[in-house]
Amino acid sequence: MMLRPPWHAIKIPLLLLLAALLLAGAGILWSSDTQLEANKNLQQQTRARQTAQQKLQRSNVEKALIQQNLGGYQNLVARGFIGEENRLAWLEAVQQANRDAALYGLNYTLAPRTAAAAALAKGLPLGQTVMTLRIPMLVETDLPRFLEALQQRTRSVFRVRFCQLTRSSEVAPEALNRPELQAECELLWFTLAHTGVPSK
Amino acid sequence: MIRRLIILLNARQASVLDGRPGNMHWLGDFATTEAGLAAFQRLLLQHSGRPVRLVLDSVDEDYRLEVLPHVAGAARTEMLARKLRQVFRNAAFTGAWRQSRENEGRRDDRYLLAALTDYEWLKPWLGAIENARAPLEGITLLSLACQSLLKQLRIREPHTLLAYQMASGLRLSYYQDGLLRFSRLLAGDRSVQNSPQTLAPGWAADEISKTQLYLMGQRMLPREARLQVLLLDPSGHLASAQAPLNADPAFNARMLDLPTLARALRMPDEFLSSTPEIAPLAALAGEALLLDLAPPTLTQRYTEFRWRRGIHLAALAIGVAGILFTGVQWLHTLDLRDQTQQIQSEQQQTEARYRDITRTFPPSPVGAEQLGETIHLAAHLENPRPDPRHALALVSRVLESQPTVMLKKISWQDRLFAAPGMADERQISLEAELSPFDGNYRAAMQDIGNFMAQLRAEPGVIQVTLSSSPVNTQSSAALSGNTLSGTDSPHARFSLELRYRETP
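Protein sequence lines correspond, in order, to chains A and B. Heads up: the first sequence runs through residues 1 to 200, numbered per the working numbering. Heads up: the second sequence runs through residues 1 to 504, numbered per the working numbering.
Errors might be hidden in some of the hints.
Facing chain A, a subset of chain B residues (Cβ under 10 Å, in silico) [to be verified]:
#	residue
1	A314
2	V320
3	H380
4	P386
5	D387
For the record, the hints were derived by calculation from the structure and aren't laboratory data. Just so it is clear, CB atoms sit at the ideal spot from N, CA and C, and this is done for glycine as well.
Given only the sequences and the hints, what does the whole structure look like? Please build it.
This is how it looks when you write it as structure tokens:
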């Protein structure tokens, strides 16, 4: 007799059962969500505490690092590596190097500053400015002499990316005091934006 | 366990027990009169919605033992309905109870079939139950209730005859291995307790002996079996039957006293003494109905009651489970929040200590880590700071031994910017021509090959490749030229690519 449900008699109990299911389901969902959120907050807070503890434990090391590196950092500031570009100094340096190497003048072009490649910047706000130089030369050894002189004349951080020597005439080199070689070099001048959070 | 009303019905009256498990109440007797029926109906209305179980005590009971094939489900229902119609003809109140199974042969089922052959006296009571809209659970017999009583008393003799003296008469019920086989009520609806016949000494013993002979005649009781006779009589009149019965070795008679019953039923002696007929009803209260004589139409309301109750219980279980789960989760959430607050407090304390310590640091424009990283970056950019000097020296060394090679253009590139993965590699591109050149391309290719071999032999050189040669002899390219005299002198121009690593 229990097999065939008397539907007319169990409508309200079924509604009650449905309500109980909905309420229980809603309660379970709500409490699960709340617990999940609380768990997430706990893990986040635990990580924050761990970071704070690690910072505290490393405070002595940090102090030593500041004492050790502050001089070097200030030296880089003085060299113009940190902060704005110092294009005048760079131009003066290449001109003086040209004179020091007793060359025949040069043409220069400075491109706008761009961000350096991420692999090179290592997470720091490193900028690079491309300077293209075109220098007439007498012999091939003028190029190394010019680069040597430039290193002596500037304290800025730069690096040679590309150099090309081209013979301007088809005839074999002659013993004349006339530059028949054309050098074209690309120098990268590096600067670091000053965006760090100061340490008190 | 369901709280129900258990009603003992005979032709003269109805006795009602409120069968709440562990806390039973006697609700009174109601005579078979208009006033009694009205009071009975009012009582049912007072206990509205409570299931009702009827226990009949009548001389019109009929029992039959049958062995039927073992079938199940609808086939069994159909077989039993057919058998009941066949045995009891037009009886409206019939029932079958599958008691056991044969141990041998086809292993058929043993059934006890029972019926109420005259039920006119029952109709007013069923009418009152219907009018009160009480859910009728079922109709069973007092002999079945007495079986439950024997079970409570833990009586395990194989052949037991219970002689139960009640207001309605003397009921003799035979149980084999605790299962009802036969029962009869003597002196039915007459008031027999004080009649001269029942008071006559030895009357009860004679009736018991006759019953024993009947059982033997029906082969229900083996001839050699000793019948255990239990005398249950709150008034004490049956005590006189004990001695004559025990004089016969076929009997072993003993009285069942009220204290023993009270202990077995776990109820106070006084309660049982005041209403002795409660004993079988109380024993039946917690038991399922093994034998139900009620037709399905009468128990429809109880079916609905069971469905409603089942669904209510399911809803309650789901609700309670939901509340419990939610509560446990919520408590756990509170615990997690407490832990979070505690950790936050610890973090703030740690940060405050760190701030105190950092006040003693030398003033720095950036953090300690960035100081070091900046210095390392500058060092990485400057050391080493490669330039073309090494490349020019390398090419010059080789050119000294190759006087026919005239350099037209040389390019140098730091591969750090082209391929950061090969930061320590540099690249040289050469454009040159052989001079003088007499048009012998085979000799020219030989010279270029020698030149490349010398370059490869230089320390640090990784790879030297010929980008273009004086003459392209590949099958996939078109080739043209002339050997006419008087034209311009031929050229043997070529270009090379060279990768090298600076050696200290």
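Hints, verified against the model:
1. A314: Where the cut-off is 10 Å and the nearest Cβ of chain A is about 6 Å from B:A314, the hint holds.
2. V320: At 9 Å from the nearest chain A Cβ, B:V320 passes the 10 Å test, so the hint holds.
3. H380: 8 Å, holds
4. P386: B:P386 check passes; min Cβ-Cβ to chain A is 7 Å, inside 10 Å.
5. D387: 5 Å, holds
Violated hints for the displayed structure: none, as all numbered hints are satisfied.
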